[in-house]
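> Chains as they are written, first to last, in the numbering used here: chain G, 603 to 682; chain A, 12 to 608.
These aren't lab readings, by the way, just hints derived from the structure by calculation.
Interface residues of chain G toward chain A, partial, derived using beta-carbon atoms under 10 Å:
{"id": "1", "residue": "Asp621"}
{"id": "2", "residue": "Asp622"}
{"id": "3", "residue": "Asp638"}
{"id": "4", "residue": "His644"}
{"id": "5", "residue": "Thr646"}
{"id": "6", "residue": "Ile648"}
{"id": "7", "residue": "Glu654"}
{"id": "8", "residue": "Met661"}
{"id": "9", "residue": "Ile664"}
Backbone N, C-alpha and C define an ideal beta-carbon position, used for all residues, glycine too.
The lines below spell out each chain.
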Amino acid sequence: MDTKTIYARLNKVFRDVFDDDSIVVKPNTTADDIDDWDSLEHITLINAVEREFKMKFKMGEISSMKNVGEMADIIASRAK
Amino acid sequence: MTELEFPFDSEYIIKKRKSIKRTLLADGSKRLKKKIAVFGGSTTNDIVVYLDLFLLNNGIEAEFYQSEYAQYWQDAMFPSEELLSFKPDIVFIHTTNRNISAYPCVSDSKESVNQLLDSEYGKFQQMWQKIAETYHCPIIQNNFELPFYRLMGNKDCSDYRGRTNFINRLNSKFYDYADKTEGFYINDINFISASYGLKEWSDPSYWNMYKYAMCVDAIPEFSFNLANIIKSVFGKNKKALALDLDNTLWGGVVGDDGVDGIQIGQETGVSQSYYEFQSYIKSLKDLGIILTVCSKNDHENAVAGLEHPEGALKPDDFIIIKANWENKDRNITEIASELNILPDSIVFVDDNPAERGIVQAQIPGVSVPVMDSVENYIINLDRNGYFEVTNFSEDDLKRNEMYKANAERAAQQATFADYKDYLLSLDMVAVIDDFLPVYLQRITQLSNKSNQFNVTTKRYTATEMEEVFESGEYIRLYGKLIDKFGDNGVVSVVIGKKDGDVLNMDLWLMSCRVLKRDMELAMLDRLVERCKEQGIKTIRGYYYPTAKNGMVKDLYGRFGFEKISEDENGNTVWQLDTSSYQNQNHVIKVEDNTSIK
Chain G
603 MDTKTIYARL NKVFRDVFDD DSIVVKPNTT ADDIDDWDSL EHITLINAVE REFKMKFKMG
663 EISSMKNVGE MADIIASRAK
Chain A
12 MTELEFPFDS EYIIKKRKSI KRTLLADGSK RLKKKIAVFG GSTTNDIVVY LDLFLLNNGI
72 EAEFYQSEYA QYWQDAMFPS EELLSFKPDI VFIHTTNRNI SAYPCVSDSK ESVNQLLDSE
132 YGKFQQMWQK IAETYHCPII QNNFELPFYR LMGNKDCSDY RGRTNFINRL NSKFYDYADK
192 TEGFYINDIN FISASYGLKE WSDPSYWNMY KYAMCVDAIP EFSFNLANII KSVFGKNKKA
252 LALDLDNTLW GGVVGDDGVD GIQIGQETGV SQSYYEFQSY IKSLKDLGII LTVCSKNDHE
312 NAVAGLEHPE GALKPDDFII IKANWENKDR NITEIASELN ILPDSIVFVD DNPAERGIVQ
372 AQIPGVSVPV MDSVENYIIN LDRNGYFEVT NFSEDDLKRN EMYKANAERA AQQATFADYK
432 DYLLSLDMVA VIDDFLPVYL QRITQLSNKS NQFNVTTKRY TATEMEEVFE SGEYIRLYGK
492 LIDKFGDNGV VSVVIGKKDG DVLNMDLWLM SCRVLKRDME LAMLDRLVER CKEQGIKTIR
552 GYYYPTAKNG MVKDLYGRFG FEKISEDENG NTVWQLDTSS YQNQNHVIKV EDNTSIK
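If we strip away everything but chain G, and leave its shape as in the complex, we get (with noise of 0.2 Å):
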């Protein structure tokens, strides 16, 4: 899979689960850039990604990710 599919299928998410429309996100794009990025929408962000990517992370991967480019990196490494 390509790094633009993984953005835009990402870019999907972000917005469903945020709930706005005019998120874009990049590489650099961490939590602090997104309103309602907390702790605990961070549990539901993660796993609408998985769905979406049909993967999992790694328990030691969801604590260490800085920000999105790094979790695009674990998607195109795993994604189907």
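With chain G fixed as given, assemble chain A onto it according to the hints.
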């Protein structure tokens, strides 16, 4: 909203939770406002998010209090000012097997495991009692889901040292408490986790990372199950089923295939599935759910199909059979008005998606579960919790009996040439007297739901009715009617306010269950008797017309009152002189409160 009814798509709900909430809040419907305190033993945020959605969908707008993380015990035992002033209408205790403080060890003796069990249970029981004393509100408590591993393998369930065994025993103790405690309900997560799949449900990463006691995907199912209890406690259950026939209660089309051609019974897998569904419906009837038929069929074909010797249901099981070629939404509206219930308390069961679509569009609030294939019929009805049992009263058990008794009375009436002979043959005994505290709730209920035999349609809240009960300014009567077919309960209420030697009638109502039994005459006799005892010379009656109370337009006229005025809206005032009154009831034996033990 179909998206929130079983079988729902959890993934969709999780993703769209915010827009679903916006849509629900914007639908303009009036909802009950309730306060719910959630005492959590693990993270509860998402549980509350979905609970909120399912309750909104059931007509309840909730305000929530949530414990700080895992502070359920502290919140229950040492309530904060915030919590006390929150005044919950219901308390939900969200504990799971992650909150059990100590499990048996393999080296434990039987006695020490028993002690462990008692102390674990004691902790909960103490908490429930404290909550009940503090808030006087219903309590919902999770039972425990099974552990996700079994140290002793299969023996874990039967050996007293096994965790599985320990949890099952603890659950039994919870059930005993629930069984003997009113207003205490178990949220059966043992069932829901099993149904979902215990392995996925208990995925330990959700506990270890987020302190959720179940996987995030399972939370909508959890909250849905919990919402069913809450909406049932607050009176939002459905009351009646409107059932299609062809391909719903049996396979095939009775009008085309003939009675012998429809699939029902034990012959094939398909006919067995329909039989199982019919048996399920029949059990719902035993719970007090009213069964009706709503089918596009000739009436005689419909009845013939229901008389199929292999079927579990018989025509007798249905209070109303609407088999005609009218639109179904119209038939359902008629069923509702004949049963004197609201259309939104009906569940419409039909295999045809087009019919379901029309009914859903035409009748706001009616429930229309997906009936896609006969093997799913039971689960799609059952899991929606339309008839979730929280309070199973005598009245529920008797509801169908009562309707049946009415039908029997009607049948017997046909054998009497003279109506008075028929009434005498019923051996009617009434208790008519001043209110008793034990009946106040029923009296208030009647004042709020009687529409037809009700001259003023004045509604009373529980507090207002209590004031009437405690005041010396009123003459009050309730009437209870028993006959040889059964006890009809409290069926009539009369309230008059004294003004010198005049009594102004505030309320005169009667349940339509006992129409044409001369019960109203027995009430009048007693009223005049009480008036004379208290020096009342004139009784003044008022009739205020509504869309529904046309049947009592001339009630006071039939009683022998004289009409003294009428305005342009049809409001009338009537008057009776008590001194010349002669008793009018000659068919009911009347007793007073001394006959009530």
